[in-house]
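Novice: Sequence:
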Amino acid sequence: ALAYLAIGWQQATRDAPAVDEGVDVSSGVASLVHRDLRMVPEHPALPKALAALAALPADPVVPETTSWTEGQWFDWSDDFVAANEAAGRLDSVLLGPRLVVLVEGLAVGVVLFFITRRFFGHDGATLVALLWLTTPYVVGLSHFAMLDVPFTLAATGLVLAVLRWLEAGRTGRLAVVGLILGLALATRHTALVLAVWVAAVVAVRLRGRPREAGRAVGLVAVVSLATLWGVYRGLSPTGPPPQISAQMESLVSAQSSSVTVALVGAAPLPLEWRAGFAYLDLTAADRPASLVAASWYGSRPWYFPAAALLKLPVTVLASVVAGWGWAIRGRRRRQLMAVVAAPALGLWLVLLLQPLNLGLRMALPTVALALVGAGAAAGPLRTAMTTSRRSLGPSVAVAALALALGSTQVAAMIGASPHSLAWSPWPFTPAYRWVSDSNVDVGQGLYELRDWSTTHDRPFVALGSTRGLHVGGGSRSLIGTERSEVTGWVAVGVTALRDTFRAELGWLRAYCPVGSIAGGSVLVYRFASPPSPGNVVRPAPACFGAEWSTRATDGDG
Numbered sequence: 002a003l004a005y006l007a008i009g010w011q012q013a014t015r016d017a018p019a020v021d022e023g024v025d026v027s028s029g030v031a032s033l034v035h036r037d038l039r040m041v042p043e044h045p046a047l048p049k050a051l052a053a054l055a056a057l058p059a060d061p062v063v064p065e066t067t068s069w070t071e072g073q074w075f076d077w078s079d080d081f082v083a084a085n086e087a088a089g090r091l092d093s094v095l096l097g098p099r100l101v102v103l104v105e106g107l108a109v110g111v112v113l114f115f116i117t118r119r120f121f122g123h124d125g126a127t128l129v130a131l132l133w134l135t136t137p138y139v140v141g142l143s144h145f146a147m148l149d150v151p152f153t154l155a156a157t158g159l160v161l162a163v164l165r166w167l168e169a170g171r172t173g174r175l176a177v178v179g180l181i182l183g184l185a186l187a188t189r190h191t192a193l194v195l196a197v198w199v200a201a202v203v204a205v206r207l208r209g210r211p212r213e214a215g216r217a218v219g220l221v222a223v224v225s226l227a228t229l230w231g232v233y234r235g236l237s238p239t240g241p242p243p244q245i246s247a248q249m250e251s252l253v254s255a256q257s258s259s260v261t262v263a264l265v266g267a268a269p270l271p272l273e274w275r276a277g278f279a280y281l282d283l284t285a286a287d288r289p290a291s292l293v294a295a296s297w298y299g300s301r302p303w304y305f306p307a308a309a310l311l312k313l314p315v316t317v318l319a320s321v322v323a324g325w326g327w328a329i330r331g332r333r334r335r336q337l338m339a340v341v342a343a344p345a346l347g348l349w350l351v352l353l354l355q356p357l358n359l360g361l362r363m364a365l366p367t368v369a370l371a372l373v374g375a376g377a378a379a380g381p382l383r384t385a386m387t388t389s390r391r392s393l394g395p396s397v398a399v400a401a402l403a404l405a406l407g408s409t410q411v412a413a414m415i416g417a418s419p420h421s422l423a424w425s426p427w428p429f430t431p432a433y434r435w436v437s438d439s440n441v442d443v444g445q446g447l448y449e450l451r452d453w454s455t456t457h458d459r460p461f462v463a464l465g466s467t468r469g470l471h472v473g474g475g476s477r478s479l480i481g482t483e484r485s486e487v488t489g490w491v492a493v494g495v496t497a498l499r500d501t502f503r504a505e506l507g508w509l510r511a512y513c514p515v516g517s518i519a520g521g522s523v524l525v526y527r528f529a530s531p532p533s534p535g536n537v538v539r540p541a542p543a544c545f546g547a548e549w550s551t552r553a554t555d556g557d558g
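Residues in the sequence shown are numbered consecutively from 2, following my numbering.
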């Protein structure tokens, strides 16, 4: 835990704002300063407001521009970020929220410990908590003030609350289930899946007693709705002003043709929450994504399992596979499947129905709950290491294997620093040839790219970063520049290269990068003469250390 916090702190103080941080932090600050949720865009308000509490001591600039009056949340985020950068406060404004999320990531490890201990004892619980806290991708996400870690905490916390109710069946514990479900709904809209799961668990647990089951489900519904309303009206006591309210109502009604939006729109939920859900449905268009040598628009059912294979250490994958193999033969397998596997699979299936393959971070709650099954691997290891003296040889071998795997996991955590998000396990290196988007690059390399640009002669750059920020440093935009005019240094973010500007940069993917910045999230090229045209799907293999970028063969590209 101490290593996790130390490495997370280090990266929180040095990484540039991720693509979503500007919007999330600015809207959270606005909700606290103005007691108004007009600037809460797609996602619910709670995690942004909690993180923003830690931003207030930095005295952020909260501009009241035209975009604020008109409720244009993305434009206002630009204004917020630009104003705070100009005032020299942006880094300090972001640091507090990042540390809040870092602590929330630690809390997920604690919750996983208590969930796993109920099934696999103290050894299994310790193993699972260690796997969570030492996984580079988890460390990489946990120091950004985004929503993935807070929702993972809400989802795992709800699982623990349900387990505690199943143990005792008390009304008070069921009310806690409703409370945490309400907090989950105030964190992300996909918590609706968890609401259905909770209702199903309660109904099955009280089958044969329909009246009692109805009262129990009703209690959960009332408490969760009261919690959700409490969060929203606690942040905005009077609700949105008339002009903004009308905009939100029109947004909900405009999507009335969607059955899901119509059902949500008719539910007794806060207007801001319903408008956010409708906006997500409105913008649910196919977006570019890629993995290994494939690129597409929309989603692919194999994307998230493949991303897990390409981003998680082999120690995590081996522990999960082996652990679940033992777990499904255990005496509590039914409860494990119903209370741990069911919500994990439910959240994953929802990802298959939406068109965004933005990275493994979207499946982070599923990853966390999958780790619970890894706890079953601790039992056979302990048994093997505590057998009779006649079995000393096998016991020593198993102990050596456990030590080797543990050392590999910790070495990955330390070796990935200070660029944990950009790290990928061997043999899936360099990462840019295998993954893109939030699996490697969310714009966190902007500051390092800016410093690099000042020491190179007017490089061409392309990077996806948080709204309101620019590379600067004497750089020129690669996007919009004719290929025939490109000579000298070029630096491009992996996400820009493979996804965001896929069509414009097809020719660049045919050339080998001579270096990288920010742990490989930004690639560096150098051209002695204008590059030739082309459109290659997978970026060419690296030629790090070479003087000039050269065109790879068609097979390499």
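Just so you know, the hints here were simulated from the structure itself, not pulled from any lab data.
Among the hints, erroneous ones may be present.
What follows is a set of in silico ranges between Cβ atoms, one per label pair, in the way DEER data are often shown [as the list claims (entries may be wrong)]:
1. Leu-346 / Val-315: 46 to 56 Å
2. Gln-244 / Thr-482: 37 to 47 Å
3. Val-34 / Ala-268: 35 to 45 Å
4. Glu-505 / Ala-295: 36 to 46 Å
5. Leu-220 / Ala-343: 41 to 51 Å
6. Val-104 / Ser-408: 40 to 50 Å
7. Val-34 / Ser-533: 35 to 45 Å
8. Thr-455 / Thr-14: 33 to 43 Å
9. Pro-64 / Ala-2: 36 to 46 Å
10. Pro-381 / Ser-251: 53 to 63 Å
11. Asp-287 / Thr-482: 24 to 34 Å
Ideal Cβ positions, reconstructed from N, Cα and C, are used throughout, including at glycine.
Novice: Is it true that Pro-64 and Ala-2 lie within 36 to 46 Å of each other by Cβ?
Specialist: Since the Cβ atoms of Pro-64 and Ala-2 sit about 39 Å apart, the hinted range of 36 to 46 Å holds.
Novice: Does the Cβ pair Pro-381, Ser-251 satisfy 53 to 63 Å?
Specialist: For Pro-381 and Ser-251 the Cβ distance comes to about 59 Å; the hint holds.
Novice: Regarding Leu-346 and Val-315, is the given constraint of 46 to 56 Å on their beta-carbon distance met?
Specialist: At roughly 23 Å between Cβ atoms, Val-315 and Leu-346 fall outside 46 to 56 Å, so the hint is violated.
Novice: A range of 36 to 46 Å was offered for this pair. Does it hold for the Cβ distance of Glu-505 and Ala-295?
Specialist: violated, 19 Å
Novice: Would you say the C-beta atoms of Thr-455 and Thr-14 sit inside 33 to 43 Å of each other?
Specialist: Roughly 21 Å apart at Cβ, these two residues miss the hinted range, so it is violated.
Novice: So the hint says 37 to 47 Å: do the beta-carbon atoms of Gln-244 and Thr-482 match that?
Specialist: This hint holds: roughly 41 Å between Cβ atoms.
Novice: In this structure, is the beta-carbon distance linking Asp-287 and Thr-482 contained in 24 to 34 Å?
Specialist: holds, 27 Å
Novice: Against the range 35 to 45 Å, how does the distance between the Cβ atoms of Val-34 and Ala-268 compare: consistent or not?
Specialist: violated, 29 Å
Novice: Quick one: are Leu-220 and Ala-343 within 41 to 51 Å, going by C-beta?
Specialist: violated, 21 Å
Novice: That 35 to 45 Å hint for Val-34 and Ser-533 (C-beta), does it hold up?
Specialist: Since Val-34 and Ser-533 have Cβ atoms about 53 Å apart, the given range 35 to 45 Å is violated.
Novice: Please test the hint of 40 to 50 Å on the beta carbon pair from Val-104 and Ser-408.
Specialist: Given range 40 to 50 Å: violated, Cβ gap about 27 Å.
In summary, the numbered hints that this structure violates are 1, 3, 4, 5, 6, 7, 8.
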